[in-house]
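Please construct the entire structure, taking both the sequences and the accompanying hints into account.
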Amino acid sequence: NLAYPEDLDRNRNLTLSTDEDDGTQTEDDEHQHHQQPHQDTKVHIPAERLTVTYSRSSGPGGQHVNKVNTKAEVRFHVHTADWIPEDIRLKVIEKNRSRMNKAGELLVSSEVSRSQHRNLSDCLQKISTILAEASEKPHEPTAEDVAVRAARLKKRKEERLKQKKIHSETKQSRRVDFD
Numbered sequence: 001n002l003a004y005p006e007d008l009d010r011n012r013n014l015t016l017s018t019d020e021d022d023g024t025q026t027e028d029d030e031h032q033h034h035q036q037p038h039q040d041t042k043v044h045i046p047a048e049r050l051t052v053t054y055s056r057s058s059g060p061g062g063q064h065v066n067k068v069n070t071k072a073e074v075r076f077h078v079h080t081a082d083w084i085p086e087d088i089r090l091k092v093i094e095k096n097r098s099r100m101n102k103a104g105e106l107l108v109s110s111e112v113s114r115s116q117h118r119n120l121s122d123c124l125q126k127i128s129t130i131l132a133e134a135s136e137k138p139h140e141p142t143a144e145d146v147a148v149r150a151a152r153l154k155k156r157k158e159e160r161l162k163q164k165k166i167h168s169e170t171k172q173s174r175r176v177d178f179d
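The numbers in my numbering rise by one with no breaks, and the one at position 160 of the sequence shown is 160.
Honestly, I wouldn't trust all of these hints.
Said to hold, decoys possible - Cross-link-like lysine-lysine pairs, in silico, DSS-like; alpha carbons within 25 Å at most:
(1) K126 to K137
(2) K126 to K102
(3) K126 to K95
(4) K164 to K154
(5) K91 to K67
(6) K91 to K137
(7) K95 to K137
(8) K155 to K165
(9) K91 to K102
(10) K171 to K157
(11) K165 to K154
Honestly, the hints are just simulated from the structure, not real lab data. Remember, predicted model here, so these are calculated numbers, not experimental data.
Spelled out as structure tokens, the structure:
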């Protein structure tokens, strides 16, 4: 249930849902939600804040690709996007520096389809994914993770000290005592 350009004009607020099921939630869905939180996230995007432009796509397609503007570009100014919480805005900027222009706009484009509608939907889906990934909270390590990490650190330290001792003994064996 992706938004198409006519939805962009009609609703003025887009709700993109990447949820592919019928809306009922089972115990398995709740378990998956904890493992992959960005796949069930709904993002509300105010359409008046987006700048949508169309241009000619590259690649094969013959006369059609040369005459029809199907490539979609969607951009919005991240710093003034007050519909996104401040901490998420900062993460979006940090993680997507290559997609930002000098004006501070996040630029997302798509030319995967020969249809303007599908390319716009793909752009909006990409923005939704970017925002969902930026809003993910880092998970707390389990007791098992902490134990494994401590064991690795201990082993690494022991190996480093062992190598240091071997190096020291090698240098000691080179010395000559004249006493």
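Hints numbered earlier in the text: which of these fail when held up against the supplied structure? 5
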